[in-house]
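Enquirer: So the chains spell out like this:
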Amino acid sequence: MEIPLLLTASGLANGALYALVALGLVLVYKTQDVVQFGHGEVLMIGAFIGYSLLNYLGLPYPAAMLAAVLACGIMGFVLERIAFRPIAYHHHITLAMVTVGLSFALKGIARIPFGADIYTFPRLFPDTPTIVWGKLIVTPQHLVTIGVALALTIGLFVFFRSTTMGKQMRATQQNLTGASIIGINTGLIFSGTWALACAIGAVAGVLAAPDALLYPDMGARFLLKGFAAAVLGGFESVPGAIVGGLLIGLIDNFAGFYIDTAFQEISAYCIIILVLFVWPYGLFGRRPTHRV
Amino acid sequence: MTAKRSMKLAGLAVAAGLAWAGAAGAADPGITDTTIKLGMFGPLTGAVSIYGYPINNGAIAIYNETNAAGGINGRKIEIVHEDDGCDPAKTRAAVKKLIEQDKVFAIHGGSCSGGVNAAKDEFISGKVPFMVMAATLDAISDPPNRYIFTTTLPGSGDGGIMLNFAKTVPNAKKIAIVRHQDDWANAKMKNISAGYAAAGLQIVADETLARNATDATAQVLKVKAGNPDVVLFLLYPGESAVFLRDAEKYGVKGPFVGSNSVMDLLDLRERTGSKTSVNNAYASAFLQGYVGDPALEKWTAIYRKHFPNDKVQSLSFYGMSGALTMVDAMKRAGKDLTREKLVDALEATKDGEAGPGYCKVTFGKDVRQGCLGGTIWGVKGDQIVNIGPSWPKTN
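The listed protein sequences correspond, in order, to chains A and B.
Residues in the first sequence are numbered consecutively from 5, following my numbering.
Residues in the second sequence are numbered consecutively from 775, following my numbering.
In case anyone wonders, no lab produced these hints; they're calculated from the structure.
Here a beta-carbon is modelled for each residue, glycine too, at the ideal position from N, C-alpha and C.
No false leads were slipped in.
Covered stretches of chain A (in silico footprint by chain B; criterion: 3 or more residues with CB under 8 Å from a CB of chain B, positions within the stretch not fixed): (1) 123-131; (2) 221-227; (3) 261-273.
In silico BS3-like cross-links for lysine-lysine, where the CA-CA straight-line distance does not exceed 25 Å: (4) B/Lys1027 to B/Lys1049; (5) B/Lys850 to B/Lys901; (6) B/Lys877 to B/Lys811; (7) A/Lys139 to B/Lys1027; (8) A/Lys139 to B/Lys998; (9) B/Lys1167 to B/Lys1154.
Modelling step: build the complete structure from the supplied sequences, incorporating the hints.
Expert: Shown next as structure tokens:
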């Protein structure tokens, strides 16, 4: 029982990170119909901002992390307004290519001050490397990751159900034309969605960096896993992103242990291909219906 | 001036011009009376650029130092840089450009095995002398080719050093291996696969860890299940840190023996975020000493002199032995330097200065891997120490 327990604990912690990445992808996709291929780099930028505020400005850990999340939220808002709004109604391939460009641009920007070095991101609890409960071994970092992902999920649920902004976002996602007609400022919703997605990306970044190490290319692996999570959960489903992320983390660990560790290198690709063939709308996605 | 005299002078000028052109045509590309143009390439951008500037800059520091001391038989070295991004297609293009467009005399470069191997034919067909910068794939220099030389310890040699150390661990019978699945790790596996059984060892786990992996739980638990006496890890520094961090988390005690990619064990320790993660970790090394070691003082000073803003790290020394060997051979090749004379001089190198490298450089008629020696480093307190090629008797 010990091995499955350890694989589950670690898989859930990794999966929580993938879920956060998937969440950012899904939010932007639902609103603007575009896969944000630069989302891995948003995660990286968030982590670098947190690192800089912590190490160079000497801010306390929680303040530095919150400031990084806020900064990325603002970055998302501005990015949408200046880079995507003018082409918001172009073909989705055009939008996707712009996000690929954004990915390269963000990596390039990070390399200017930081080069290609690998940095060590401080841990929140550096003096407590592990916590042992019977057979279960976890790190405080993993507990924080799972806790923050859970809190964010609940927070988003409340936000979308109970706040005006959240309801307007859902309305815009469901019917853009209808939302415009009833007076919703859809431009603001677009920017707000990007701000929210980038802020969640930054949360994933500052949570991932102590384990993943910090370097300009750190986002690629998370984007791949997050993308697989979004495909698995259903690209238009927020709960699907969460469940998909957790499943990807668990599949990685269990398949790595019980099948072959080499499988972990291709697991994300296998899941994407399998889901697209067998269940193209994902676990929580719905086949689109058209009124005739 | 009469028309006849003008014609004579013009004729002389044309003749002189033709003679000069003929002489210039006879010389190899990249050579003038005052300069030698060397090509250099490496991953200056992209995910692996961590292996670009520090390594190339070590070689550049040696070439700059040579220029400052008067150059090579009156000629100054000029370096033309190309970025290959560690991408085999780009490496091939970079090498083609250096040879055909920049018309360099010789090339010293390449930190990525896949790229250098892909560009190998360009050196051979162009008959351009090539010194490997830091790529370790055996196939680059074995079987030997007239134009390709390396002073970097090849991957198989690295694996051999690791295995030789592992088999001297007291009562070692079972080994576990954690590695990447690429040419780099496969080269290191060559001597391990060939020699473990003869050394009386049994492999109880042979696990793969993906590049850029952030978690090694499955690998560590499989290693733990095998209950090995020694664990070999053939991983890049970032992934090594992930593996050792998780090994400590799940109580795998080692000893761990890493490749020379992690010879800077203190850097590795910092990356794991744990003060105790490398207490029982060792690494193969092809340098005389670690960063800060008095044995490297001279080479550290040279690096700092030419790159005062760079952080001196183990990588800073990787390219120096090749540069020193090139400088020595170009000097010995004489004033009438040609590519063929340089190759002959390189081939004649015997016990050459390897600078910070662990051994002396020796090539021969069919010997293109000039340095096959290495040692094992460990950590005592906050200091890297040279353990030697086998397990210390006092441990």
